[in-house]
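Each protein sequence line maps, in turn, to chains A and B. Read left to right, the first sequence gives residues 1 to 306 (the numbering used here). Read left to right, the second sequence gives residues 307 to 605 (the numbering used here).
Calculated from the structure, these hints are not laboratory results. Built from N, CA and C at the ideal position, the CB exists for glycine as well. Treat the hints with caution; some may be incorrect.
[As the list claims (entries may be wrong)] Calculated cross-link-like contacts (lysine to aspartate or glutamate; reagent style EDC-like; alpha-carbon spacing at most 20 Å):
{"#": "1", "chain 1": "A", "residue 1": "Lys84", "chain 2": "B", "residue 2": "Asp583"}
{"#": "2", "chain 1": "A", "residue 1": "Lys84", "chain 2": "A", "residue 2": "Asp138"}
{"#": "3", "chain 1": "A", "residue 1": "Lys204", "chain 2": "B", "residue 2": "Asp583"}
{"#": "4", "chain 1": "A", "residue 1": "Lys177", "chain 2": "A", "residue 2": "Asp138"}
{"#": "5", "chain 1": "B", "residue 1": "Lys402", "chain 2": "A", "residue 2": "Glu117"}
[Claimed, not checked] Some but not every residue of chain B turned toward chain A, in silico, with C-beta under 8 Å:
{"#": "6", "residue": "Leu325"}
{"#": "7", "residue": "Phe491"}
{"#": "8", "residue": "Ala562"}
{"#": "9", "residue": "Phe569"}
{"#": "10", "residue": "Ser570"}
{"#": "11", "residue": "Gln577"}
[Said to hold, decoys possible] Restraint-style ranges between C-beta atoms, simulated for each label pair:
{"#": "12", "chain 1": "B", "residue 1": "Asp583", "chain 2": "A", "residue 2": "Arg113", "range": "50 to 56 Å"}
{"#": "13", "chain 1": "A", "residue 1": "Arg292", "chain 2": "B", "residue 2": "Leu456", "range": "57 to 63 Å"}
{"#": "14", "chain 1": "A", "residue 1": "Arg10", "chain 2": "B", "residue 2": "Gln383", "range": "53 to 59 Å"}
{"#": "15", "chain 1": "B", "residue 1": "Val600", "chain 2": "A", "residue 2": "Ser171", "range": "42 to 48 Å"}
{"#": "16", "chain 1": "A", "residue 1": "Leu288", "chain 2": "B", "residue 2": "Gln457", "range": "48 to 54 Å"}
{"#": "17", "chain 1": "B", "residue 1": "Trp582", "chain 2": "A", "residue 2": "Ala83", "range": "57 to 63 Å"}
{"#": "18", "chain 1": "B", "residue 1": "Pro560", "chain 2": "A", "residue 2": "Gly77", "range": "44 to 50 Å"}
{"#": "19", "chain 1": "A", "residue 1": "Arg113", "chain 2": "B", "residue 2": "Val600", "range": "34 to 40 Å"}
{"#": "20", "chain 1": "B", "residue 1": "Gln579", "chain 2": "A", "residue 2": "Arg10", "range": "38 to 44 Å"}
{"#": "21", "chain 1": "B", "residue 1": "Val600", "chain 2": "A", "residue 2": "Thr80", "range": "48 to 54 Å"}
{"#": "22", "chain 1": "B", "residue 1": "Gly316", "chain 2": "A", "residue 2": "Glu301", "range": "49 to 55 Å"}
{"#": "23", "chain 1": "B", "residue 1": "Leu456", "chain 2": "A", "residue 2": "Gln50", "range": "34 to 40 Å"}
{"#": "24", "chain 1": "A", "residue 1": "Gly77", "chain 2": "B", "residue 2": "Leu333", "range": "45 to 51 Å"}
{"#": "25", "chain 1": "B", "residue 1": "Arg544", "chain 2": "A", "residue 2": "Thr141", "range": "31 to 37 Å"}
Chain residues, written in single-letter form:
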Amino acid sequence: MPDLSVQLNRLRLPNPILVASGTFGYAREMVAYADFRQLGGIIPKTVTPQPRPGNPTPRTVETAGGMLNSIGLDNDGLETFIAKHVQPLLSLGAPIIANVAGKNTDEFVAMARRLDEFPQLAALELNISCPNVSGGVDYGTDPGMAAEVVSAVRGATSLPVIAKLTPNVTSVPLIAKAVADAGADAVSLVNTIQGMAIDWRRRKPVLGNGLGGLSGPAIKPVALRIVWQVAQAVSVPIIGVGGIQSIDDVMEFLVAGATAVQVGTANFYNPTLATNLVGELAVLLTELGCDRVADVVGTLEFPVRR
Amino acid sequence: MSTCEMLDLGLPGVVADGLQVAATVLLNEPMATNTWRMRLGSPELAERMRPGQFFMARPVGLSDPLLGRPFALFDTQMDESGRPVSIDFGYVVVGKLTRWLSQCAIGTQVSVWGPLGNGFGPPAGNHLAIVAGGIGQTPFLPVIRQLLGLQTYGAAPSPAWPKPARISFCYGARSQSYLAGVADFELPGVDVRLATDDGTRGHRGYVTEVLDELLASADLPTSVFCCGPEGMMRATARRCRDAGVPCWVSLETPMACGFGACFSCVTPVRQPQGDWDYRRVCVEGPVFRAEDLVWEQGI
Ligand SMILES: Cc1cc2nc3c(=O)[nH]c(=O)nc-3n(C[C@H](O)[C@H](O)[C@H](O)COP(=O)(O)OP(=O)(O)OC[C@H]3O[C@@H](n4cnc5c(N)ncnc54)[C@H](O)[C@@H]3O)c2cc1C
Ligand SMILES: Cc1cc2nc3c(=O)[nH]c(=O)nc-3n(C[C@H](O)[C@H](O)[C@H](O)COP(=O)(O)O)c2cc1C
Ligand code: FES
Numbered sequence: 001m002p003d004l005s006v007q008l009n010r011l012r013l014p015n016p017i018l019v020a021s022g023t024f025g026y027a028r029e030m031v032a033y034a035d036f037r038q039l040g041g042i043i044p045k046t047v048t049p050q051p052r053p054g055n056p057t058p059r060t061v062e063t064a065g066g067m068l069n070s071i072g073l074d075n076d077g078l079e080t081f082i083a084k085h086v087q088p089l090l091s092l093g094a095p096i097i098a099n100v101a102g103k104n105t106d107e108f109v110a111m112a113r114r115l116d117e118f119p120q121l122a123a124l125e126l127n128i129s130c131p132n133v134s135g136g137v138d139y140g141t142d143p144g145m146a147a148e149v150v151s152a153v154r155g156a157t158s159l160p161v162i163a164k165l166t167p168n169v170t171s172v173p174l175i176a177k178a179v180a181d182a183g184a185d186a187v188s189l190v191n192t193i194q195g196m197a198i199d200w201r202r203r204k205p206v207l208g209n210g211l212g213g214l215s216g217p218a219i220k221p222v223a224l225r226i227v228w229q230v231a232q233a234v235s236v237p238i239i240g241v242g243g244i245q246s247i248d249d250v251m252e253f254l255v256a257g258a259t260a261v262q263v264g265t266a267n268f269y270n271p272t273l274a275t276n277l278v279g280e281l282a283v284l285l286t287e288l289g290c291d292r293v294a295d296v297v298g299t300l301e302f303p304v305r306r
Numbered sequence: 307m308s309t310c311e312m313l314d315l316g317l318p319g320v321v322a323d324g325l326q327v328a329a330t331v332l333l334n335e336p337m338a339t340n341t342w343r344m345r346l347g348s349p350e351l352a353e354r355m356r357p358g359q360f361f362m363a364r365p366v367g368l369s370d371p372l373l374g375r376p377f378a379l380f381d382t383q384m385d386e387s388g389r390p391v392s393i394d395f396g397y398v399v400v401g402k403l404t405r406w407l408s409q410c411a412i413g414t415q416v417s418v419w420g421p422l423g424n425g426f427g428p429p430a431g432n433h434l435a436i437v438a439g440g441i442g443q444t445p446f447l448p449v450i451r452q453l454l455g456l457q458t459y460g461a462a463p464s465p466a467w468p469k470p471a472r473i474s475f476c477y478g479a480r481s482q483s484y485l486a487g488v489a490d491f492e493l494p495g496v497d498v499r500l501a502t503d504d505g506t507r508g509h510r511g512y513v514t515e516v517l518d519e520l521l522a523s524a525d526l527p528t529s530v531f532c533c534g535p536e537g538m539m540r541a542t543a544r545r546c547r548d549a550g551v552p553c554w555v556s557l558e559t560p561m562a563c564g565f566g567a568c569f570s571c572v573t574p575v576r577q578p579q580g581d582w583d584y585r586r587v588c589v590e591g592p593v594f595r596a597e598d599l600v601w602e603q604g605i
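Model the full assembly from the supplied sequences, consistent with the hints where possible.
As structure tokens, this is what we get:
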């Protein structure tokens with residue numbers, strides 16, 4: 001039996017299969033379909049300081065091989081999250097990584113300070129990449145501001161800090177370098193890719209919010225490319241996310257340079273997948289004769305131009 | 307904290323013993339214009355589904371269509387020992403996945419997960435009126451069977467529902483050729499009242515006009531159950547509010563997961579404080595008291 005545990009700076013996880021924020025509810029919804037104890041980590045829906053009703057409907061629409069969403073961070077706010085969800089989540093037997101989003105550095109810091117009261121949390125993931133929230137500063141597209149948030153949060157909590165980055169920039173390695181230098185223990189790559197669906201007969205966008213974020217198998221090539229680029233340029237542990245729906249997809253991300261992965265949209269249409277992947281990974285690593293996950297991480301042989 | 311305690315947070319439609327299986331198509335036949343009945347072999351699902359609950363279905367191993375689509379329980383079949391072994395659902399071909407369903411050969415594997423949603427409870431009083439339109443009639447066959455004591459549903463059979471003295475089944479469609487499965491509902495104790503827009507069968511006009519007749523009669527319904535197009539449900543809710551009759555509606559909001567993970571299926575629901583909040587139809591519904599809903603087009 002290979003050792004599935006992985007280390008991302010200060011964050012140690014029992015295995016590299018996590019479930020992505022916004023695609024696993026608050027976990028209790030998945031009780032019939034997932035074996036929480038098996039998962040490498042659970043990242044509940046993004047929490048904001050105050051309650052947010054979220055965007056008008058329709059909030060999702062299927063597209064070829066993927067889906068667009070504009071949920072708009074529908075959540076009941078940090079205090080309700082703490083009162084209602086934190087203890088039940090911590091009782092599930094998987095590492096819990098709280099995902100937070102604020103409008104400015106002060107909001108991120110205040111949330112980090114409050115969640116620091118729960119040292120049983122495995123880490124904080126900073127959603128500095130949500131394309132659905134207007135009114136806030138778009139931290140994820142500016143290396144300086146992304147670094148500012150990360151370093152301020154590092155000062156406010158002793159929990160490991162993960163920065164979740166947006167693919168909607170010219171150079172993700174630039175942002176990844178900035179947050180790594182600011183003290184991020186890891187980066188999650190990627191959040192959804194901005195897109196839209198149009199009902200041309202009505203001359204209207206399909207989504208109530210007009211624009212949305214693309215996810216699912218359709219974005220896997222983009223996510224793989226970004227993981228690989230960041231792995232080449234920055235020495236920060238990477239959590240790969242985007243379109244994973246099979247063990248081969250998991251291996252592709254690991255080989256590209258990710259130390260762990262998150263399953264997102266696939267939870268919606270294959271809710272037992274994430275649990276199954278853990279066992280499948282152990283079998284596959286054994287077949288490959290690998291003792292550790294690290295044996296395959298970043299092993300891509302990129303063609304060298306002569 | 308046990309799993310059950312963990313679940314008890316106002317989400318009646320989180321079904322702790324749900325499951326995902328690959329079910330086999332056993333039957334796939336036309337029921338009416340553009341409307342089909344599919345039978346899926348899955349004892350696990352068949353023995354768990356209760357009236358008004360739904361399940362999600364998608365092709366095994368394809369990425370397009372990608373997401374599951376919700377369908378309501380229409381019927382359950384038993385083997386000789388009385389064990390539920392398969393389920394039927396009715397579907398109208400409207401888009402990508404339903405088109406794929408209509409082309410499925412016997413033996414095709416369909417990925418399904420469920421049961422999902424809260425389902426209907428026993429109605430109040432002694433006269434249940436059902437108002438159904440579109441493909442919204444299918445959930446009511448198991449409701450009626452359970453009420454008449456013909457069948458119980460669910461892994462741990464719920465306590466027998468008190469049998470109402472009367473069930474009025476009001477069902478409307480565009481035209482006679484769109485009425486699907488009417489014969490299934492012609493059971494002793496069920497007063498079937500049809501309506502078609504063009505008058506080719508039953509009342510000419512809307513099914514809500516059939517409800518109007520009932521609401522004006524001496525034998526006023528004591529409960530109304532409703533499922534169908536949004537406009538029809540809104541009209542039914544308005545009539546029931548005006549007549550002071552409790553009304554439950556089963557919403558057909560588009561869904562991406564069916565179990566509460568994605569927050570795409572939300573509808574505005576009245577809150578105790580008097581304002582409203584978006585709530586997930588898949589885990590807080592799909593059956594709601596009509597008065598709890600904020601009808602976005604106004605009621
Ligand atoms: C609880 C519940 C139970 C249900 N039970 C049943 C049932 O028993 N039987 C049944 O037939 N249905 C039922 N439905 C409805 C059913 O789920 C939908 O009809 C189904 O999801 C359609 O899937 P599709 O892939 O065929 O259509 P899709 O391709 O998803 O399209 C759905 C609708 O949206 C429109 N549409 C799609 N894409 C666009 C676009 N880009 N722009 C504008 N319009 C677009 C289509 O024209 C179509 O009308 C139920 C729904 C719910 C919520
Ligand atoms: C419906 C939906 C809601 C999401 N909500 C969040 C969220 O609240 N916070 C967040 O950081 N990411 C959110 N995401 C992004 C996912 O976590 C993930 O980064 C993205 O979907 C790409 O992975 P996938 O292709 O496997 O889904 C959401 C994605 C979807 C589809
Ligand atoms: S369909 Fe996903 S939350 Fe209801």
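To see whether the hints hold, each was checked on the structure:
1. A:Lys84 x B:Asp583: Judged against 20 Å, a Cα distance of about 17 Å means the pair holds.
2. A:Lys84 x A:Asp138: Roughly 29 Å between the alpha carbons, so the hint for A:Lys84 and A:Asp138 is violated.
3. A:Lys204 x B:Asp583: Distance ~25 Å between A:Lys204 and B:Asp583 Cα, so the pair is violated.
4. A:Lys177 x A:Asp138: holds, 17 Å
5. B:Lys402 x A:Glu117: violated, 48 Å
6. Leu325: holds, 6 Å
7. Phe491: violated, 32 Å
8. Ala562: Holds: closest Cβ of chain A sits about 5 Å from B:Ala562, inside 8 Å.
9. Phe569: holds, 5 Å
10. Ser570: holds, 4 Å
11. Gln577: Result: violated, 11 Å to nearest chain A Cβ.
12. B:Asp583 x A:Arg113: 50 to 56 Å: violated, 28 Å
13. A:Arg292 x B:Leu456: 57 to 63 Å: Roughly 60 Å apart at Cβ, these two residues keep to the hinted range, so it holds.
14. A:Arg10 x B:Gln383: 53 to 59 Å: Given about 56 Å between the Cβ atoms, the range holds.
15. B:Val600 x A:Ser171: 42 to 48 Å: About 45 Å separates the Cβ atoms of B:Val600 and A:Ser171, which means 42 to 48 Å holds.
16. A:Leu288 x B:Gln457: 48 to 54 Å: holds, 52 Å
17. B:Trp582 x A:Ala83: 57 to 63 Å: violated, 21 Å
18. B:Pro560 x A:Gly77: 44 to 50 Å: Distance hint for B:Pro560, A:Gly77 is violated at roughly 26 Å.
19. A:Arg113 x B:Val600: 34 to 40 Å: holds, 37 Å
20. B:Gln579 x A:Arg10: 38 to 44 Å: Given about 42 Å between the Cβ atoms, the range holds.
21. B:Val600 x A:Thr80: 48 to 54 Å: violated, 21 Å
22. B:Gly316 x A:Glu301: 49 to 55 Å: This hint holds: roughly 53 Å between Cβ atoms.
23. B:Leu456 x A:Gln50: 34 to 40 Å: violated, 52 Å
24. A:Gly77 x B:Leu333: 45 to 51 Å: holds, 49 Å
25. B:Arg544 x A:Thr141: 31 to 37 Å: violated, 48 Å
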